[in-house]
Amino acid sequence: AQSVTQPDIHITVSEGASLELRCNYSYGATPYLFWYVQSPGQGLQLLLKYFSGDTLVQGIKGFEAEFKRSQSSFNLRKPSVHWSDAAEYFCAVATLNTGNQFYFGTGTSLTVIP
Amino acid sequence: EAGVVQSPRYKIIEKKQPVAFWCNPISGHNTLYWYRQNLGQGPELLIRYENEEAVDDSQLPKDRFSAERLKGVDSTLKIQPAELGDSAVYLCASSRTSGGPDTQYFGPGTRLTVL
Numbered sequence: 001a002q003s004v005t006q007p008d009i010h011i012t013v014s015e016g017a018s019l020e021l022r023c024n025y026s027y028g029a030t031p032y033l034f035w036y037v038q039s040p041g042q043g044l045q046l047l048l049k050y051f052s053g054d055t056l057v058q059g060i061k062g063f064e065a066e067f068k069r070s071q072s073s074f075n076l077r078k079p080s081v082h083w084s085d086a087a088e089y090f091c092a093v094a095t096l097n098t099g100n101q102f103y104f105g106t107g108t109s110l111t112v113i114p
Numbered sequence: 115e116a117g118v119v120q121s122p123r124y125k126i127i128e129k130k131q132p133v134a135f136w137c138n139p140i141s142g143h144n145t146l147y148w149y150r151q152n153l154g155q156g157p158e159l160l161i162r163y164e165n166e167e168a169v170d171d172s173q174l175p176k177d178r179f180s181a182e183r184l185k186g187v188d189s190t191l192k193i194q195p196a197e198l199g200d201s202a203v204y205l206c207a208s209s210r211t212s213g214g215p216d217t218q219y220f221g222p223g224t225r226l227t228v229l
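If you read the sequences in order, they're chains W and B.
Under the numbering used here, the letters of the first sequence match residues 1 to 114, in that order.
Under the numbering used here, the letters of the second sequence match residues 115 to 229, in that order.
Don't take each hint at face value.
[Claimed, not checked] So the derived list for chain W, only partly shown, Cβ under 10 Å to chain B, looks like this:
1) Q6
2) P7
3) G28
4) Q42
5) P79
6) W83
7) S84
8) A92
9) T98
10) Q101
11) G105
[Unchecked claim] Have a look at the derived ranges for each label pair, beta carbon to beta carbon:
12) T211(B) <-> S3(W): 35 to 45 Å
13) T190(B) <-> N97(W): 38 to 48 Å
14) H10(W) <-> E158(B): 13 to 23 Å
15) V169(B) <-> F51(W): 38 to 48 Å
16) T5(W) <-> D188(B): 46 to 56 Å
17) Q131(B) <-> F51(W): 15 to 25 Å
18) Q2(W) <-> E167(B): 33 to 43 Å
19) E64(W) <-> E197(B): 37 to 47 Å
20) S14(W) <-> E158(B): 26 to 36 Å
21) S3(W) <-> R178(B): 24 to 34 Å
22) D188(B) <-> R77(W): 14 to 24 Å
23) I60(W) <-> V187(B): 27 to 37 Å
24) D54(W) <-> S180(B): 40 to 50 Å
Simulated from the structure, these hints should not be mistaken for laboratory data.
Just so you know, these numbers come straight off a predicted model, no measurement behind them.
By construction, the Cβ of each residue, glycine as well, lies at the ideal position given by its N, Cα and C atoms.
Starting from the given sequences, assemble the full structure and let the hints guide the process.
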């Protein structure tokens with residue numbers, strides 16, 4: 001069955017510390033991968049996406065993610081977290097077989113402490 | 115460019131009452147999606163439109179939910195009658211195409227509370 005797993009329900013980091021949010025997927029076809037961020041009371045905003053090419057992709061707000069096919073992972077990273085990064089983060093996967101239907105993980109809630 | 119617009123932002127109703135949500139996608143985006151997001155979960159697709167045609171409504175509870183996208187632009191999602199379990203955030207998204215994976219742009223959502 002197709003699935004997207006975000007193992008960490010909640011993460012707390014200190015401001016200025018590095019961050020890594022995990023995402024694993026289970027699909028047979030070539031995945032198209034996305035990371036979205038959702039602030040309280042807001043919709044989802046695209047941080048970055050991977051379709052093909054360089055497996056390390058840069059996004060907005062200083063985020064990056066690396067696609068590792070061998071590990072079926074697409075982890076999100078940021079070298080230095082800011083208090084404004086506190087939000088919910090969602091990984092999503094689409095495939096050519098499913099058109100543009102996205103499958104979302106359950107999200108990781110990030111708390112940033114001063 | 116203007117983003118996806120949704121209204122209302124919040125809605126509180128009693129169970130068994132009807133409710134409707136409206137969405138206006140980004141100009142030029144042919145594909146429109148309605149998602150439901152339960153608390154602590156990721157969004158789940160309810161229905162996908164390609165222009166005015168519903169091309170995937172397999173997850174839409176058709177006994178009480180209906181949707182339309184007249185003229186292939188804005189869309190309305192309706193629940194009648196609402197149940198307690200319908201409390202959730204209803205998100206609308208749009209993309210240029212659904213022929214292959216493409217970025218979906220999300221509106222702010224409507225938070226529905228059913229009492």
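**Numbers of unmet hints, in rising order** = 2, 3, 5, 6, 7, 12, 13, 15, 16, 17, 18 and 22
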